[in-house]
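K.L.:
Numbering-wise (full-length UniProt numbering), the sequence shown opens with residue 1 and increments by one.
Misleading hints may appear alongside valid ones.
Estimated spans, in silico, between C-beta atoms of each pair [what the hints assert, rightly or not]:
hint : residue 1 : residue 2 : range
1    : K44       : I7        : 41 to 49 angstroms
2    : L29       : I8        : 22 to 30 angstroms
3    : V42       : M1        : 29 to 37 angstroms
4    : A38       : I11       : 18 to 26 angstroms
5    : L36       : W4        : 33 to 41 angstroms
Please keep in mind that the hints were generated in silico from the structure rather than gathered at the bench.
Ideal Cβ placement from N, Cα and C applies to all residues, glycine included.
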Amino acid sequence: MDQWVAIIQEIGFPVVVSFYLLHRIESRLEAIRDALVAITPVTKV
């Protein structure tokens, strides 16, 4: 926990929150990309 406090103090709260949110949505974005790649051959006529 002390490490997180030190990081927040060093680089700022908004930056830490931004990195956290980007990390959380990364897997969802990859799933969306995979789904789009999977349906691309089906939609080509």
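K.L.:
Checked against the structure, which of the hints given earlier come out wrong?
P.N.:
Of the numbered hints given earlier, those the structure breaks are 3 and 4, listed in rising order.
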